[in-house]
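Asker: What follows is each chain in one-letter form.
There are 2 protein chains.
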Amino acid sequence: MVDADAIRVTIGTYCERYTDDRDGWLALFADGATVEDPVGSDLHVGKDAIGAFWDMSHGLADRVTLTPSGYVTVVGNEAAFAMDARMEMGDSVSGMAIIDVMTFDDDARITGQRAFWSFDDLKPVEP
Amino acid sequence: MVDADAIRVTIGTYCERYTDDRDGWLALFADGATVEDPVGSDLHVGKDAIGAFWDMSHGLADRVTLTPSGYVTVVGNEAAFAMDARMEMGDSVSGMAIIDVMTFDDDARITGQRAFWSFDDLKPVEP
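For the record, the sequence lines run as chains E and Y. Our numbering puts the first sequence at residues 8 to 134. Our numbering puts the second sequence at residues 8 to 134.
Keep in mind that the hints were calculated from the coordinates and are not lab data. There may be inaccurate statements among the hints.
Same chains, same names: a pair is fine if it fits in one copy or spans any two.
For lysine to any residue, the following SDA-like pairs were computed, each having C-alpha atoms within a straight-line distance of at most 20 Å [what the hints assert, rightly or not]:
#	residue 1	residue 2
1	Lys54	Asp114
2	Lys130	Asp55
3	Lys130	Ala11
4	Lys130	Arg15
5	Lys54	Gly119
6	Lys54	Thr17
7	Lys54	Asp27
8	Lys130	Ser76
9	Lys54	Ser125
10	Lys54	Asp12
11	Lys130	Ala37
12	Lys54	His65
13	Lys130	Val100
14	Lys54	Gly102
15	Lys130	Gly53
16	Lys130	Asp114
17	Lys130	Ala59
18	Lys54	Tyr25
19	Lys130	Asp12
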């Protein structure tokens, strides 16, 4: 059984590296990991596909930051956590809530990710 | 496709009724719904089993309240939301964060629930 604190470190690092550390972010995933982001969209399987997803999603905004909320719940090898996403495009800044649900291997690497968010929830926020 | 706002109403009502409205709470579930609370525990299938789960969980404390956080994310017929649980036992009050992941039918009734929480996260809180 993986340690809950190790999973919490992976989650914090996941948010931190998402902005501009592609390689460091990808290193948090196990080989063959799956990403469904948002829920209901096509599954990205394996690090190459997840890297391509990173490229695509970072092409949608000049800068994206993920700020973890206090809500992080770890149960065995699974976890869910809420965060605030902030997207900068030129002078425009938007934000929305995201809740990710993840599974982990015994080294606290991500084996599966499902991200709950919708463009419908995107709202302008203070720059 | 069910309306996201209808799902948000179900979620708010779910938290509200959990404290002391057993029948009203059960009415939010579709026939044959499943509850895995917490994640990794035995699945409760159908309203009778979910009602028995309600009885069991309410036997663990004098009073439980679920306060929704601002984090509610709805995507199609699925949703995730974070809340604060508060458990009163005699003069002792404890709390923890919970994140629920749910699926819904087209009438916004719950067809599946998975609750992310752990007794390890239970902490004393101000009465």
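Asker: Tell me, which hint numbers fail for this structure?
Answerer: 2, 9, 10, 11, 14, 15, 16 and 17
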